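Bring the two chains, given one by one in their own frames, into a single complex with the hints.
Protein chains in written order, with the working numbering: chain X, 1 to 182; chain Z, 183 to 390.
Just so you know, the hints here were simulated from the structure itself, not pulled from any lab data. In this text the structure is predicted, and so the values were computed from the model without any measurement. We put the CB at the ideal spot given by N, CA and C, even for glycine. Some clues are possibly wrong.
Below, simulated SDA-like cross-link-like pairs (lysine to any residue); rule was C-alpha separation at most 20 Å, straight line [to be verified]:
#1 Z:Lys258 to Z:Ile363
#2 X:Lys153 to Z:Ile382
#3 X:Lys10 to Z:Ile382
#4 Z:Lys342 to X:Thr112
#5 Z:Lys367 to Z:Leu285
#6 Z:Lys367 to Z:Asn287
#7 Z:Lys305 to X:Ala150
#8 X:Lys152 to Z:Lys376
#9 Z:Lys254 to Z:Leu278
#10 Z:Lys367 to Z:Val256
#11 Z:Lys204 to X:Leu20
#12 Z:Lys305 to Z:Lys204
#13 X:Lys153 to Z:Leu184
Label pairs and their computed distance ranges (CB to CB) [to be verified]:
#14 Z:Pro255 to X:Ser122: 42 to 52 Å
#15 X:Thr26 to Z:Ala349: 32 to 42 Å
#16 X:Tyr36 to Z:Glu217: 34 to 44 Å
#17 X:Val22 to Z:Met183: 35 to 45 Å
#18 Z:Thr214 to X:Asn48: 36 to 46 Å
#19 Z:Leu368 to X:Thr84: 20 to 30 Å
#20 Z:Gly190 to X:Thr84: 19 to 29 Å
#21 Z:Ile253 to X:Ile83: 38 to 48 Å
#22 Z:Asn185 to X:Ile83: 41 to 51 Å
Each chain is listed here by its residues.
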Amino acid sequence: MSEFFLEVLKTISNWAIPVLLVLIPTVGFLKKVKVYEVFVEGAKEGFNVAIRIIPFLVAILMAISMFRASGAMDIFVSFISPITDLIGMPAEILPAAFMRPLSGSGTLGIITELINTHGPDSFIGNLASTIYGSTETTFYVLAVYFGSVAIKKTRHAVPAGLIADFAGIMAALFICQLMFGQ
Amino acid sequence: MLNYVWFGLVAIAFVTAIFTGKIPEVGTAAVTGAETAVNISLGLIGIMALWLGIMKIAEEAGLIKLLARIIKPVTKRLFPEIPPDHPAMGAMLLNLAANWLGLSNAATPLGLKAMEELQSLNKSDDTASNSQVLFLAMNTASITFIPATIIGIRVAAGSKDPFSIIATSLFASTCATIVAIITAKLLGRLKVFKKTDPNIAVIEEPEK
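Only chain Z is shown next, with the shape it has when bound in the complex (with noise of 0.2 Å):
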């Protein structure tokens, strides 16, 4: 899927720069791209390894383990793959809440932290499972209580009511979530990704 997306963006790009004249902006572009992510990945790594410093003492001390059995009940519909005690599952909450507070700092560090986790109950090097991509899919629709960015734009451009947006935000990215949740589960069923997916085609193998 990605392959057509990425493919689709440069060809779009290339063709309509031809139509717009900005052939020279587009070279410009790809290059300020690349810089900008290898700046963004390099950016990363203090925080990373703060925070995975944190999380290594929270897992010894048992704190994920106590975490992911709190939410036991709702997990373990949402996650049927992972074993409900697994560090997986407190990994996920702690990145979920740090999306809550809108500390995205803090958020994308507890995220990786939750896909390692993940990766290790993953039969494949290189598919993403079903609970990966469901959880890709609750985070890119990330409930925020606190959308703390777009109030402080608000309150910079003088407005009387800054905090007006939460509620509709609020309800705006539940809707989003829920729907993420359904078409994750409902996708991974269809015949297509289900092919795919890297713990039942493992099963499969013998029948060969």
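Chain X with its partners taken away, still in its complex shape (with noise of 0.2 Å):
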């Protein structure tokens, strides 16, 4: 069964692109689209996209960097761990938690060493995969996002996106209470 399922999923994953790669320019073609010409034109555009990024990144990645090798997290850790360890929230995730909206690759090697510790299938190592599966890193897709039209006045995207991010993490450790309990 879980053999089956993987099957549909994996089959899912490396089908969608090549047949959204197929079927547009289909379409395109039948309603007699110039495809190649237009392929191009749009094209062009990815170079500068990609280019505007790059201040807005570096800006975002040289401050989350610097947090990081800092050693800043563990300090804010133990602080919090009393408080959320009122609502079960285990001490060992609050690190994947905090760095969730911060850096993707960060909290991944964090969850995947938390999944290789405790095993996959602990309370523990359900949560961390659901925290991980059902946020973004928000603070890179500020940055992308809004750094390719140049926007720099974010107004209150950051705190909208955190208190989403908050909620997901809250969100998760309910439902896992709920479905793997402890």
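Here you go:
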């Protein structure tokens, strides 16, 4: 059963992109769009967009890398763990939870380690997986998405994104306690 | 806001490093961070060009508008500033769909295309519109049906039930998305943020 499910997921992941890459030009071709010329016209922008993102991403990643290297996260976690104990959030999870909005690769590293030390089917393993699977790297998305259109004043995007992350982590804790119990 | 967060991260890093004796590491990290940023950006060129090319075909073939029309009932409530048939809607739907399937490589270029379309309706060059903030908040909460990366790690770690987290992830990310929408909408009504709304500010100007 599990094997079959894995196959289905793999098939969807493998097929989705090639199918789209053929389907869209096919519709275009049938509608008499000059597919090659139009593709090149659109693709021209790719370079500019990527270059435009650089300063935004440099700023964000520089600050986050410094923060990570300083060891501030560990100190922060030891301060906050008495509070999170009250709601049944294991202290081991905290670094992953706080790293989530800051760094995708950083979180993945922490979570892989948690899964390997506690076992993927343990409560901590399941909770860590759920947190990773249900939230995004808010500051990366912020830098890349707003950077690509040169938006510097992000207004309420930071609080909205972080509140959503917090809600996601709380919801992950709630549902994991319900489904995997401790 | 980002001014405070950015400065906060740098300042906290420096002060902490004095006590933890990690000053040299912090210096190295800043440089490596900048390098990583450039590598990520340059790495995007190819995939950006590819998807922007495909999206242009989809646009010319009328596919984007078709998508926009299909999701009109939902989007006209979420994004009242955007004309319901606008290509921004179609691009946003494609980005969200790529996220649902866990296709993060395709999701970013499609999301940036959507951002560009939203920017074409934004009256300001440097200030985010309400629609852009909402779209971004929905993206950071991203609903995923197939969290492929984490399933792979669970399989590798010898999990008996690597898929057990699909349901929990779906639940958690749906909650996060609902909260993202509500928060973005509510915060947008606060005086502080309303004042800077580029699409209202322009209307108020003649009163001076």
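Hint check results:
no.	hint	result
1	Z:Lys258 to Z:Ile363	holds, 14 Å
2	X:Lys153 to Z:Ile382	holds, 15 Å
3	X:Lys10 to Z:Ile382	violated, 47 Å
4	Z:Lys342 to X:Thr112	holds, 16 Å
5	Z:Lys367 to Z:Leu285	violated, 27 Å
6	Z:Lys367 to Z:Asn287	violated, 29 Å
7	Z:Lys305 to X:Ala150	holds, 13 Å
8	X:Lys152 to Z:Lys376	holds, 17 Å
9	Z:Lys254 to Z:Leu278	holds, 15 Å
10	Z:Lys367 to Z:Val256	holds, 15 Å
11	Z:Lys204 to X:Leu20	violated, 48 Å
12	Z:Lys305 to Z:Lys204	violated, 45 Å
13	X:Lys153 to Z:Leu184	holds, 8 Å
14	Z:Pro255 to X:Ser122: 42 to 52 Å	holds, 43 Å
15	X:Thr26 to Z:Ala349: 32 to 42 Å	holds, 35 Å
16	X:Tyr36 to Z:Glu217: 34 to 44 Å	holds, 36 Å
17	X:Val22 to Z:Met183: 35 to 45 Å	holds, 43 Å
18	Z:Thr214 to X:Asn48: 36 to 46 Å	violated, 26 Å
19	Z:Leu368 to X:Thr84: 20 to 30 Å	holds, 26 Å
20	Z:Gly190 to X:Thr84: 19 to 29 Å	holds, 21 Å
21	Z:Ile253 to X:Ile83: 38 to 48 Å	holds, 41 Å
22	Z:Asn185 to X:Ile83: 41 to 51 Å	violated, 28 Å
Violated hints, in rising order: 3, 5, 6, 11, 12, 18, 22; the structure is consistent with all others.
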